[in-house]
Amino acid sequence: MLSKRIIACLDVRNGQVVKGINFEGLRNAGDPAELARRYNRELIDELVILDVTATIETRRAMADTIRAVAHEVFIPLAVGGGIRTEDDAAAAVEAGADKVSLNTAAIANPPLITTLANRYGSQAVIVAIDAKRSDDHYAVYVRSGSAAAECDAVEWAREAEARGAGEILLTSIDRDGTKAGFDCQMTAAVSRAVSIPVIASGGAGGLDDFVDVFTRGAADAALAASIFHYAETSVHALKEHLRAHGIPVRL
Amino acid sequence: MIALVDYGAGNLTSVKKALAAIHAEVYVPASPREIARASGVIVPGVGHFSATRALDPSWRDAILARLGEGRPLLGICVGMQWLFEGSEEAPDCPGLGVLAGSCFRLGRRIAGGSADDAGSRDALKVPHVGWNSLLVTCEAPAVEGVSPGSQVYFTHSYAAPVTGEAVAITEHGQPFASIVQRGQVSGVQFHPEKSSDVGLRILRNFVETAR
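Going line by line, the protein sequences match chains A and B.
For the record, in the first sequence the residue sitting at position 138 is 244 according to our numbering, with numbers rising by one throughout.
For the record, in the second sequence the residue sitting at position 142 is 183 according to our numbering, with numbers rising by one throughout.
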């Protein structure tokens, strides 16, 4: 049976992971490759590297980071943050990214989804949707959550699928950073509207939040950053908890 | 030296990196003629079956000739599907035909559950993306050292049928062949280059046969 995936997100700035990390036994706690190796040992299923600055100046550092991580671990690697053009995506793929994640650029230029799907295959194209509750629907925001995109998350996910996206990375702006749990209702609404996998993000606080998002939230994968970085829980312990609750995982 | 065939379907970076990690020597043949010096041939692949159209008769003949000389051949993902007679994904595009059967689209099974249902009762998602188990059905060089229940990383919508050549089976709504092997021909539906230690072991098994 297909396992539910646990994905760790590395927020990277100038080649260093920027959220606080205090793992023991790491020579350099901010080094993405070293962190990737640690997660790989703990059986993380996938990694996302997010370029949180995403300026022209940081591009070269980003390619070096991708190369270093892809050299260390042999699991799927997605890259996001500031991928605006086909050339940006090509640079990430050439450096070793298996998937690129489009957010603002997908809204601003939807044909880019199709262009990249045709060039690299749908499996290489993630459309990231940042959304928050608004009256009776889920409003999509772009530019790191600062600007309303005037569209609904469920509708946009369907359109992204039709344009060739292979996966949806759905982040709840309401829950992000709160540790109050994933927005299971929103995740289920999007997951049941598309046939491609949906990765839930935003709000992971405890082990049971993951159980919820895989059951009530109908998520195919769940992504978290700080819960793993701060070593509040290990990936391995999380997976054992999920397995104990009847959720298929890779252990 | 193992020939890694580049026919423009996606990039070869990941496969190259994984082979480098197990110290296999690899080259990318610029023309079919360069297949003649390969100790083994790998046909990778992501994306659409129709991309294999780029493997025109000159490539097919070169690959078949090397196989005829006893050198092993490994197909990965779409590269494995190409070893069969063809695929529903591109009916007018013939496969290499060294394995009998044709690849099919993974089915959809709609359970129509409520919001409180467990994930397993939800509609089957296609493409099949993620880590899934290998049910090894018989001993074969390709699966040597692979522990029972090992999981590997898949991303595909079409799959090969379970025939006599299947040495491992995986289920997603229905069973399909996840590893095939017949003589010097082998294929893996998943991505060994993205399947961590298990994947590297399976690649090493191939590299061993290509010495």
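Hints listed in this document are in silico derivations from the structure and should not be mistaken for laboratory results.
Quantities reported herein were computed from a predicted structural model and do not represent experimental measurements.
Wrong hints could be hidden among the right ones.
[Said to hold, decoys possible] With a Cα cut of at most 20 angstroms, we get these calculated SDA-like pairs of lysine to any residue:
no., chain 1, residue 1, chain 2, residue 2
1, A, Lys285, A, Arg239
2, B, Lys58, A, Glu140
3, A, Lys238, A, Gly283
4, B, Lys57, A, Ala196
[Unchecked claim] Here are some of the chain B residues that sit facing chain A, going by a computed Cβ distance under 7 angstroms:
no., residue
5, Ser91
6, Arg94
7, Cys179
8, Val203
Just so it is clear, CB atoms sit at the ideal spot from N, CA and C, and this is done for glycine as well.
Are any of the numbered hints broken by this structure? If so, which, sorted upward? The structure breaks hints 5, 6, 7, 8; every other hint is satisfied.
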